[in-house]
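Colleague: Each chain is listed here by its residues.
Protein chains: 4
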Amino acid sequence: MCRFLLYKSNSPILLADLLTRPAHSIIMQSFNCKLRIDMRRPMNGDGFGIGWYDEPRTKGCIFTSTLPAWSNLNLQRLAEKIKSALVFAHVRATTGETATSESNCHPWQFGNLMWMHNGNIAGFDSIKRRLQNSLREDIYLSIQGTTDSENAFALFLNMLEDPLNRAEFSHNELKQAMLQTIAQLNEWLDEAGVKEMSVMNFAVTDGQTVVCTRYITSSENEGASLFYSSGSEFKSDADSGQYRMIKANKREDVVVVASEPLTYERSDWMVIPTNTLLVITPKLNVHLYPILDKYWNPNRGRHVL
Amino acid sequence: MCRFLLYKSNSPILLADLLTRPAHSIIMQSFNCKLRIDMRRPMNGDGFGIGWYDEPRTKGCIFTSTLPAWSNLNLQRLAEKIKSALVFAHVRATTGETATSESNCHPWQFGNLMWMHNGNIAGFDSIKRRLQNSLREDIYLSIQGTTDSENAFALFLNMLEDPLNRAEFSHNELKQAMLQTIAQLNEWLDEAGVKEMSVMNFAVTDGQTVVCTRYITSSENEGASLFYSSGSEFKSDADSGQYRMIKANKREDVVVVASEPLTYERSDWMVIPTNTLLVITPKLNVHLYPILDKYWNPNRGRHVL
Amino acid sequence: MCRFLLYKSNSPILLADLLTRPAHSIIMQSFNCKLRIDMRRPMNGDGFGIGWYDEPRTKGCIFTSTLPAWSNLNLQRLAEKIKSALVFAHVRATTGETATSESNCHPWQFGNLMWMHNGNIAGFDSIKRRLQNSLREDIYLSIQGTTDSENAFALFLNMLEDPLNRAEFSHNELKQAMLQTIAQLNEWLDEAGVKEMSVMNFAVTDGQTVVCTRYITSSENEGASLFYSSGSEFKSDADSGQYRMIKANKREDVVVVASEPLTYERSDWMVIPTNTLLVITPKLNVHLYPILDKYWNPNRGRHVL
Amino acid sequence: MCRFLLYKSNSPILLADLLTRPAHSIIMQSFNCKLRIDMRRPMNGDGFGIGWYDEPRTKGCIFTSTLPAWSNLNLQRLAEKIKSALVFAHVRATTGETATSESNCHPWQFGNLMWMHNGNIAGFDSIKRRLQNSLREDIYLSIQGTTDSENAFALFLNMLEDPLNRAEFSHNELKQAMLQTIAQLNEWLDEAGVKEMSVMNFAVTDGQTVVCTRYITSSENEGASLFYSSGSEFKSDADSGQYRMIKANKREDVVVVASEPLTYERSDWMVIPTNTLLVITPKLNVHLYPILDKYWNPNRGRHVL
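Chains as they are written, first to last, in the UniProt record's numbering: chain A, 1 to 305; chain B, 1 to 305; chain C, 1 to 305; chain D, 1 to 305.
Hint data in this document are derived by calculation from the structure and do not stem from the laboratory. Among the hints, erroneous ones may be present.
It does not matter which identical chain is meant; a pair holds if it fits inside one copy or across any two.
What the hints assert, rightly or not - Result set (EDC-like, lysine to aspartate or glutamate): computed pairs, CA atoms no more than 16 Å apart in a straight line:
(1) 83 - 55
(2) 247 - 190
(3) 294 - 220
(4) 59 - 80
(5) 59 - 196
(6) 59 - 173
(7) 250 - 196
(8) 283 - 252
(9) 250 - 138
(10) 83 - 54
(11) 128 - 191
(12) 59 - 190
(13) 283 - 125
(14) 247 - 233
(15) 235 - 191
(16) 247 - 138
(17) 175 - 220
(18) 294 - 252
(19) 195 - 253
(20) 294 - 237
(21) 250 - 162
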């Protein structure tokens, strides 16, 4: 089980303030984490990746490494220099099925789109060939690694028109493609007779809109944890040195979605309910939509796992 | 363009005597090489791999790295300790289409079989899906990387019965599977309308028999260079310190096949003619067979490229 | 805080049976460990190293990597092939002061000697120059990295006559050099006014004798944990599949020393008391000696931390 | 022998336009280079580093890797995003004495200062201890690797007052410290009786002024090649796609110093004479000073090696 973080704001943040300096940053979480549902691998040392955009309507940049994030000098130095208003970050723990290689590090890019995944598609091998055969040629040939996550991205791309060359997408288009991707995976998994639960916390952006999900193929169990927070600024408190989400006014200038809260102030963080899709619009409005398929269960426990 | 080496003998050689100590070893060749046909990448610094067997009828071992071979301390230290009577070695230069990752380093293994490739399959993208769709499920799912070379291995495996679990194969079986692999690739490349030449210097072993090819999809051009040498021992000369193939008696106790001669004594090395398949039997007999397809041309220049 | 393991036996063990297959192997421990005294870095993902000897009176071999041990394919493949009767293994967590680089991975070699360290020398910077100035030139120039651990090895070497060229050392010689090393470090640390505790779990071998310590510069606190176990064979139980130390007869054919027990059978493991030096002779006799300096305290709690 | 490049301009350049896109960029040079004086290692695949400043009077950023520059995906992606008006770049070939590790990759930083070296200090081992003993404590402890180059930087830092905390330095101060560094190295090398030639092409900057040298400890031989070019813009020609130094007006807005010309237009490039110190002022004035020590020889051949 991996974990991810995404950040979107009206003005750029120094990556260090998001990734390396906070005591409870995603990198520190990769040492010690309590909110997991898969205990096979007790932490996340099998590579990481960060992606960010510097200007709207352009391709983002990605930095990935198979070395652990916490001892990566290049990451630490770059994070002190790079500023961005839209950041994806991912730390990875292999589940044993796929190799640790840079080709298997999240996020992935295709045109202006960027994708990452926390979770795993159970029984993926039983649908891999079918998935790959459904893809348009350019998308099929773009696959560089062997993970379920990258293949799910390919399937998502296949739901869009001309994903390689378009600068931006409407948020409805991205939302629909995400729902179709999950529906298609479910259909194939059902037909293959896969009974194990799949965890599909996906996140995608075109550099302007962000769509992400907290999803599990179960109507009973909670999915892998996912939280969000919004406010006017994410920064360290002058007194305590602790990072906080500042809520100085009614405006929302920052939205963060993360597998675990990034600050010790739990009241800053709202749980995204299991089997929910979240949209962050270019203007930073946040919308949550229940995913109303056969796994939808309004009575599922709302408590944090 | 990459280069490879394979060594088979009656008694184990220290890997250092084959790989790291000779002045003209495959690793030193990776710095500076004159016998190429692809000048896009003037040397081989994009990873390497060595494979070896310690006992007959067992799975071999592989050591791969994306760091250059010449500065790899682990390789240098291991080579001073490991002895083997059957060694594959490969240094890689990407041709730009595929990433430098350990998943893309030769050789690959499947059961007791080991495979490497020097060359490239032109227009591979245009036949990739068809190739993968022809594969049995376990072979399809075993593919870890994105190279034409690993996919060609998968196609070869698909020509064999139960390649994962059998301890050994007759040399005729391996030879036929190799010829079928080349024929199948050619058929698909033709149907896809690929006109560029493909270079298919393949090598495969089950730990006992070795089959390799020097092959190009052209009846005019020479293929990528390939040489072989045999004798009673491959060792350094007491006087000069130079490595030599010793021919102390009529017996052949050592056979080496390599993209370039490993010693400065050119008379030690015989050119393997273009479009030839070579078999080394478990008892170290060497047989050369012309590959009699439409690219066979007995009048092709016999000179070394 | 790191952890280490050393294994010595009368007959070679497959490295996989020691390092990668046991459910509670040193590599699995590197995920999740409970017996630490330094909680700054909750696990060990900053590189690892293994060292082993194949023949007595020869230089050992080392394999190190800055990638985490648990996802290192080369380690997994080599461990299935290499057998040795004397193995050192180390997983590393940087304490922030020194870089993650192969030069900083344990164990280190000098001639036939091999060295590793679990712990840290507090205030090492304040004695580094003095230590280096005390070294003979060849030893000073052999230092490749920046760790306190490697510098402590250099100091140890400096206590020996001709450590580079001698094939073996008496166990008394190694023991005395170890005690002198600790005494010298203590003297300099005192003179530099360092008050923080240093943890000096050192292990050294010449390929035949092993000397190691559980030591802390405190008369109150327990040192970093260290255990040993001996028996006739270390292997997996046919029924449970769990690794066990078999005690089939009175003979001791295997001795293992480790930062944490390698098996779930706690009765197999004896605690090495804090501030004790342990010697394993070439014939596998084990001797424990209290280190009778100013930190010696016979009434220190004997309980496991 | 390595090679380096430094770039300083009035307005930022995209790193890709300097490092990865030009057909004769430093990275492509690392494949194939003709202007060397040390043929032991025929190319540069033992790591690389780039350093750049984004704002004046701040610490620069560094990205280093032990993977070859030409196959480094992170470098290629970052170069498409990062812009800077002051860039250092270095590709490294080990000379066998020191390990390939990130600690040994150029450039190094200390406060706002950045340093790189093309060449080697012959017999460095014989002066290493003396050099390290001459250093102030903070500088001595900052050394992370084992190279002559990093130690020479330490010696240079030792010539300056408070190099860690000052934002900037006068160009005279940097020039004098460079000359003192070379003089001190020469004095110690002489006293140690070293007869082999040392090559000291050093470059240093505080983010505003650049000082570099082409220097050899010989009055007969030419030093390692070094060239410079200046103009109004370094960019690709619209017609040919070739990179050129544009000289649109009399103003000098760009200065490049490089081990080899970066463009095919040799008339763009001036040879820096052997044993010369070059200063680029914050306002982009370029001054050349002969280094008038015992190795100065006005009649040394001015031809390019």
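Colleague: Of the hints given before, which are not true for this structure?
Modeller: Numbers 2, 5, 6, 7, 9, 12, 13, 15, 16, 17, 18, 19, 20, 21 - these are the hints that the structure violates, sorted from lowest upward.
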